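Starting from the structure of chain A, add chain B where the hints point.
Next come the chains, spelled out residue by residue.
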Amino acid sequence: MAYSDKVVDHYENPRNVGSFGKDEAGVGTGLVGAPACGDVMKLQIKVSPEGIIEDAKFKTFGCGSAIASSSLVTEWVKGKTLEEAAAIKNTEIAQHLALPPVKIHCSVLAEDAIKAAISDYKAKSGGKTEAAE
Amino acid sequence: MNQTPEVQNPGAEVTPCWSCKGPVAGRALFCSTCGAIQGPGNLDHFTRLGLPRRFAVEQAELDRQYFGFQRRLHPDRFATRSPREKALSQVQATALNEAYNTLKDPLKRAAYLLRLSGRKVDVESAGTIDDPQLLMESMEMREALAEADSVEEVSRHLSEAEANIADSHKDLAAAFAADDLDEAGRLVTRLKYLGKLADEARQRRAKLAAMK
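Top line first, the protein sequences correspond to chains A and B. Residue numbering for the first sequence follows my numbering, starting at 2 and increasing by one per position. Residue numbering for the second sequence follows my numbering, starting at 5 and increasing by one per position.
Rather than coming from a laboratory, the hints here were simulated on the basis of the structure. Computed from a predicted model, the values in this text were never measured in an experiment. Where hints are given, some of them may not hold.
[To be verified] Taking beta-carbon pairs under 8 Å as the criterion, some of the chain A residues facing chain B (in silico):
1. V9
2. V18
3. V33
4. A35
5. P36
6. G39
7. K43
8. F62
9. A99
10. P102
11. H106
12. V109
13. L110
14. D113
15. A117
[To be verified] Under the rule of at most 30 Å between Cα atoms (straight-line distance), these lysine-lysine pairs were calculated in the DSBU-like manner:
16. B/K124 / A/K116
17. A/K47 / A/K90
18. A/K90 / B/K124
19. A/K79 / A/K58
20. A/K123 / A/K90
21. A/K23 / A/K123
22. A/K58 / A/K116
23. B/K211 / A/K58
24. B/K211 / A/K7
25. A/K7 / A/K58
26. A/K125 / A/K7
27. A/K7 / A/K116
We put the CB at the ideal spot given by N, CA and C, even for glycine.
Chain A on its own, in the form it takes in the complex (with noise of 0.2 Å):
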């Protein structure tokens, strides 16, 4: 199966790979698996005071797809909201990368991981920026 250009780019040149302190302020973080393809996708965000997405992280261990789903998301997600954030749509992601339809569950994956970065975050700063607001 050929990859797209999109992805064998993200693949070759991941955008955002690493760790932020999981305990550091403003940060959230989301641990999700694909069972079926045993791959495992970290995803974390920095949110500033004002609730907007200044940085994202990631560290994927699975297939060609999977890496570049996640990569593709600490781009996007850079500079949004949380609620805009939460808004992305994994068919969003399939289609930028142009993915397979066997390759599909990789973008799942990663809506799927910055979901759970984003309530892992609100959980953590116990809904501190609404009150904010």
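Below, chain B alone, put in the same frame as chain A:
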């Protein structure tokens, strides 16, 4: 003259032989009247191989059962028979291979048992899991492997993964024996991740060995 339906006995229902219309039990390979080979029927893998439906399976017994059935059903034995009989031996052999391949692999066998019990099996669906303990463990092991840069170091990770896999097989047997299907489901997922780790370690070792 009370006839009880044998619902507890898979493959015991009687159907007419396709060739002579004589009575044939669903589990029978051949018609007892005319000797014609029958279709594979809708049997579970354990019944097909004549084994009790449980996780603990002796590899030697499984092999014995499989090769015994295979000898009787192999398409080569039907080369001079009618096209219908040839075709039936083909589907029988395919069904037998599928049963054997599922049951000989502990992970597949466990997943299959869970499915027979009506459980959703994570490793067979394309869903996402978020079990933090399992994923954290998996992430840490994959990171450690990615950082290992000598054949010796990678081999150490591989041995560790293989030991964890062997332990998980024991834990699975205990979970099934205690009828703890939640635990069995969790262990199947862990096994899948450990298997992936071991595969990656083997590939990495081969790559490092080739660079030497």
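Going down the list of hints, with the structure as the test:
1. V9: Check failed: Cβ of A/V9 comes no nearer than 20 Å to chain B, outside 8 Å.
2. V18: Violated: closest Cβ of chain B sits about 11 Å from A/V18, beyond 8 Å.
3. V33: For A/V33, the interface hint holds, since the closest Cβ of chain B sits about 5 Å away, which is under 8 Å.
4. A35: Nearest chain B Cβ about 6 Å off; hint holds.
5. P36: Since the shortest Cβ distance to chain B is 4 Å, the answer is holds.
6. G39: With Cβ-Cβ at 3 Å, under 8 Å, it holds.
7. K43: Status holds, d = 6 Å.
8. F62: For A/F62, the interface hint holds, since the closest Cβ of chain B sits about 4 Å away, which is under 8 Å.
9. A99: violated, 19 Å
10. P102: violated, 11 Å
11. H106: Nearest chain B Cβ about 4 Å off; hint holds.
12. V109: holds, 7 Å
13. L110: Holds, about 6 Å.
14. D113: It holds, given that the least Cβ distance between A/D113 and chain B is near 4 Å, below 8 Å.
15. A117: holds, 6 Å
16. B/K124 / A/K116: holds, 23 Å
17. A/K47 / A/K90: Answer holds: A/K47 to A/K90 is near 20 Å, not above 30 Å.
18. A/K90 / B/K124: holds, 25 Å
19. A/K79 / A/K58: Holds - the C-alpha atoms of A/K58 and A/K79 are around 10 Å apart, at most 30 Å.
20. A/K123 / A/K90: Given that 30 Å is the threshold and the Cα spacing comes to 20 Å, the pair holds.
21. A/K23 / A/K123: With a Cα-Cα distance of about 14 Å, the restraint between A/K23 and A/K123 holds, given a limit of 30 Å.
22. A/K58 / A/K116: It holds: about 14 Å lies between the C-alpha atoms, which stays within 30 Å.
23. B/K211 / A/K58: Distance ~28 Å between B/K211 and A/K58 Cα, so the pair holds.
24. B/K211 / A/K7: At roughly 26 Å apart (the allowed maximum being 30 Å), A/K7 and B/K211 satisfy the hint.
25. A/K7 / A/K58: holds, 19 Å
26. A/K125 / A/K7: violated, 35 Å
27. A/K7 / A/K116: holds, 23 Å
Checked against the numbered hints listed earlier, the structure breaks hints 1, 2, 9, 10, 26; every other hint is satisfied.
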